[in-house]
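Peer 1: Take a look at the letters that make up each chain.
There are 2 protein chains.
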Amino acid sequence: MITTTGALDRAADHMRTQDVDALLLGPGADLRYLTGYAALPLERLTLLVARRDRRHALIVPELERPRAAASGAGDLAEIVTVSETGDPLAAVASALEGAGTGALRLGVGDRLWSTFLLGLQEALPGASWERASAITRELRMRKSSAEVDALRRAAQAIDRVHARVSALLKPGRSEAEVGRDIAEAIMEEGHQTVSFVIVGSGPNSASPHHESGARILQPGDAVVVDIGGTVDGYGSDCTRDYVIGDPPEGYAEAHAALEAAQAAACAAVRPGVTAESIDAAARDPLTGAGYGEYFIHRTGHGIGLEEHEEPFIVAGNELVLEPGMTFSIEPGIYLPGRFGMRIEDIVVVIKDGGERLNTLDREPVRV
Amino acid sequence: MITTTGALDRAADHMRTQDVDALLLGPGADLRYLTGYAALPLERLTLLVARRDRRHALIVPELERPRAAASGAGDLAEIVTVSETGDPLAAVASALEGAGTGALRLGVGDRLWSTFLLGLQEALPGASWERASAITRELRMRKSSAEVDALRRAAQAIDRVHARVSALLKPGRSEAEVGRDIAEAIMEEGHQTVSFVIVGSGPNSASPHHESGARILQPGDAVVVDIGGTVDGYGSDCTRDYVIGDPPEGYAEAHAALEAAQAAACAAVRPGVTAESIDAAARDPLTGAGYGEYFIHRTGHGIGLEEHEEPFIVAGNELVLEPGMTFSIEPGIYLPGRFGMRIEDIVVVIKDGGERLNTLDREPVRV
Numbered sequence: 003m004i005t006t007t008g009a010l011d012r013a014a015d016h017m018r019t020q021d022v023d024a025l026l027l028g029p030g031a032d033l034r035y036l037t038g039y040a041a042l043p044l045e046r047l048t049l050l051v052a053r054r055d056r057r058h059a060l061i062v063p064e065l066e067r068p069r070a071a072a073s074g075a076g077d078l079a080e081i082v083t084v085s086e087t088g089d090p091l092a093a094v095a096s097a098l099e100g101a102g103t104g105a106l107r108l109g110v111g112d113r114l115w116s117t118f119l120l121g122l123q124e125a126l127p128g129a130s131w132e133r134a135s136a137i138t139r140e141l142r143m144r145k146s147s148a149e150v151d152a153l154r155r156a157a158q159a160i161d162r163v164h165a166r167v168s169a170l171l172k173p174g175r176s177e178a179e180v181g182r183d184i185a186e187a188i189m190e191e192g193h194q195t196v197s198f199v200i201v202g203s204g205p206n207s208a209s210p211h212h213e214s215g216a217r218i219l220q221p222g223d224a225v226v227v228d229i230g231g232t233v234d235g236y237g238s239d240c241t242r243d244y245v246i247g248d249p250p251e252g253y254a255e256a257h258a259a260l261e262a263a264q265a266a267a268c269a270a271v272r273p274g275v276t277a278e279s280i281d282a283a284a285r286d287p288l289t290g291a292g293y294g295e296y297f298i299h300r301t302g303h304g305i306g307l308e309e310h311e312e313p314f315i316v317a318g319n320e321l322v323l324e325p326g327m328t329f330s331i332e333p334g335i336y337l338p339g340r341f342g343m344r345i346e347d348i349v350v351v352i353k354d355g356g357e358r359l360n361t362l363d364r365e366p367v368r369v
Numbered sequence: 003m004i005t006t007t008g009a010l011d012r013a014a015d016h017m018r019t020q021d022v023d024a025l026l027l028g029p030g031a032d033l034r035y036l037t038g039y040a041a042l043p044l045e046r047l048t049l050l051v052a053r054r055d056r057r058h059a060l061i062v063p064e065l066e067r068p069r070a071a072a073s074g075a076g077d078l079a080e081i082v083t084v085s086e087t088g089d090p091l092a093a094v095a096s097a098l099e100g101a102g103t104g105a106l107r108l109g110v111g112d113r114l115w116s117t118f119l120l121g122l123q124e125a126l127p128g129a130s131w132e133r134a135s136a137i138t139r140e141l142r143m144r145k146s147s148a149e150v151d152a153l154r155r156a157a158q159a160i161d162r163v164h165a166r167v168s169a170l171l172k173p174g175r176s177e178a179e180v181g182r183d184i185a186e187a188i189m190e191e192g193h194q195t196v197s198f199v200i201v202g203s204g205p206n207s208a209s210p211h212h213e214s215g216a217r218i219l220q221p222g223d224a225v226v227v228d229i230g231g232t233v234d235g236y237g238s239d240c241t242r243d244y245v246i247g248d249p250p251e252g253y254a255e256a257h258a259a260l261e262a263a264q265a266a267a268c269a270a271v272r273p274g275v276t277a278e279s280i281d282a283a284a285r286d287p288l289t290g291a292g293y294g295e296y297f298i299h300r301t302g303h304g305i306g307l308e309e310h311e312e313p314f315i316v317a318g319n320e321l322v323l324e325p326g327m328t329f330s331i332e333p334g335i336y337l338p339g340r341f342g343m344r345i346e347d348i349v350v351v352i353k354d355g356g357e358r359l360n361t362l363d364r365e366p367v368r369v
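If you're matching them up, the sequences are chains A and B in order.
For the first sequence, the numbering used here begins at 3 and goes up steadily by one.
For the second sequence, the numbering used here begins at 3 and goes up steadily by one.
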């Protein structure tokens with residue numbers, strides 16, 4: 003776990019600026035970032051009440067107290083235990099006493115389960131509800147050097163996995179078999195968890211989030227391999243394209259256009275430009291080359307404690323990039339029924355540009 | 003995936019009874035149960051709008067359409083695609099047109115992320131919001147024979163893993179090392195995913211949800227091993243106790259009391275009794291033997307597509323058990339700083355009693 007010293011204090015500063023009285027955060031990345039506590043997502047409520055006045059409380063089910071205490075979160079917030087038959091919502095209401103002068107303005111964790119939000123809305127009928135990410139994104143989007151270092155180690159680990167993939171892609175094997183071997187390689191190369199393994203072969207390569215399945219690899223297949231895991235809590239995420247034998251008709255030209263678009267987007271990264279301008283830098287050349295309608299997703303997503311987080315590299319996002327922001331650049335071309343391709347690197351915004359953390363060649367690997 | 007034919011129709015019947023106009027269900031067990039679609043949990047909204055009048059729609063991000071279509075969900079609901087820059091909330095509002103005559107009464111998936119519920123509440127200001135589980139629990143709590151069969155296969159698979167655990171628990175190894183080996187064994191014995199691996203040794207055994215860590219196993223350790231995975235989407239979950247060498251003082255007496263309590267609770271299972279009566283059947287003898295304050299959690303939880311689901315075996319739950327309900331019975335004793343123990347089996351309610359799906363011996367295994 004990377005320590006983000008002072009993160010709760012900085013969150014309180016943002017609460018003051020944004021006139022929010024408290025954040026209510028369940029298990030997940032915000033809680034880990036602010037307190038170091040990797041809470042289990044359970045039907046029993048775990049909730050950090052992070053107050054603008056810094057009188058924080060961490061409400062935990064009784065049987066989770068040892069794990070919560072071991073995380074060190076008790077140094078930052080008072081740990082309040084709720085028994086199996088106790089009322090966690092009453093504990094939240096109590097932890098919010100005196101947090102505001104009028105009707106409470108509360109920021110609720112974006113991924114908190116709705117069953118808890120409905121309970122909270124009932125227990126606190128006068129409050130107004132916002133997304134906590136309006137505040138936590140301001141912290142989490144700008145990575146510290148320790149966080150960038152973790153992302154770099156994750157990127158290097160996934161690059162080592164990709165270097166092993168072509169040996170696994172043999173005609174006659176199924177996507178699922180290859181996927182299992184890749185999952186093992188993800189752990190062997192230094193990740194602590196496997197986040198996802200996408201092996202889309204032949205026509206399946208045209209489904210961006212294809213689930214590795216029973217299809218048997220065969221000569222002439224285009225194969226998209228998009229894989230990731232975590233290192234010290236931070237994610238890797240890298241896509242490369244493979245071809246078994248001779249590529250299908252039209253593949254080489256399309257891939258050359260994709261490489262150019264991906265390179266153009268990476269070259270456009272620097273502080274002061276908008277997220278949507280990076281999307282346009284990838285999209286415009288593909289549109290010009292006639293592939294625009296086959297590039298059916300945004301260009302990228304932020305990455306950190308979550309696989310997908312802010313900033314999103316998408317049309318309409320006018321967010322201005324700053325040093326320390328980290329995100330994927332992953333344009334793709336998907337021709338339904340024929341083949342698909344995607345090239346993905348993680349990029350960090352540095353002082354005078356962008357640095358790719360994934361450094362493997364981007365041409366299709368012929369196996 | 004077990005097919006639950008007609009589940010959407012039965013959900014619509016319950017909507018009529020409970021006067022709910024539609025259910026709004028995101029990725030997760032409800033969606034899988036009702037449509038067979040194992041959607042990815044993404045920051046892009048995927049939402050099943052299941053209407054009382056059976057005009058169902060499945061709203062999916064454009065790049066998920068191939069996966070959604072491949073699931074067969076398109077036979078049950080109209081698949082509506084939203085592009086990367088489209089407005090999924092407008093698509094939901096449109097899919098709800100004509101669903102009710104007055105203000106809409108909507109059941110929202112218990113685990114839908116709050117960011118989506120806040121968006122829905124803003125987009126549909128006149129609606130009232132309930133938990134969808136009030137309806138989906140009525141279906142999912144009563145397992146079909148195919149579902150019980152999947153749970154039985156999962157239980158048999160985890161029993162085979164426990165039969166291998168004592169060979170892994172060697173003094174000098176860390177909890178984490180043992181945990182990694184157990185995770186491999188979970189896959190080798192026929193699970194498709196590893197859900198969790200708890201190896202709590204020595205004083206760590208007194209933390210019910212201890213994370214397998216760096217602690218080195220040593221003679222005299224009590225070890226709690228609580229493990230589970232999934233088979234065809236359905237979970238296994240089984241806890242057994244191990245002792246390395248001679249047990250700590252007081253351990254044998256406590257374990258004998260725990261075995262008796264767990265057996266009493268299992269014997270109390272039959273149709274017509276309440277969930278809380280099963281909790282009492284485990285708790286009362288432990289309280290009588292002086293261990294009541296060290297049994298700090300409920301006796302059990304339902305299990306199926308989710309590791310923890312209804313019915314919960316806890317004081318205050320007056321739900322009456324029926325054939326086909328499946329849940330854990332897992333009393334524990336936790337002496338802080340000394341040792342802990344827990345015995346857990348999955349039980350299915352049958353016509354004239356309860357049947358344990360886990361059949362291994364329940365005494366502590368001495369290694």
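A portion of the hints provided could be inaccurate.
As a list, the in silico SDA-like pairs of lysine to any residue whose alpha-carbon atoms are at most 25 Å apart [unchecked claim]:
hint: 1; chain 1: B; residue 1: K172; chain 2: A; residue 2: Q194
hint: 2; chain 1: A; residue 1: K172; chain 2: B; residue 2: E190
hint: 3; chain 1: A; residue 1: K353; chain 2: A; residue 2: G290
hint: 4; chain 1: B; residue 1: K172; chain 2: A; residue 2: M189
hint: 5; chain 1: A; residue 1: K172; chain 2: B; residue 2: M189
hint: 6; chain 1: B; residue 1: K353; chain 2: B; residue 2: M189
Source of the hints: derived by calculation from the structure; they are not laboratory data.
Peer 1: All the hints need checking, so say for each whether the structure fits it.
Peer 2: Hints, verified against the model:
no.	hint	verdict
1	B/K172 / A/Q194	holds (23 Å)
2	A/K172 / B/E190	holds (23 Å)
3	A/K353 / A/G290	violated (31 Å)
4	B/K172 / A/M189	holds (23 Å)
5	A/K172 / B/M189	holds (23 Å)
6	B/K353 / B/M189	violated (33 Å)
Going down the numbered hints, you'll see the structure goes against 3 and 6, while the others check out.
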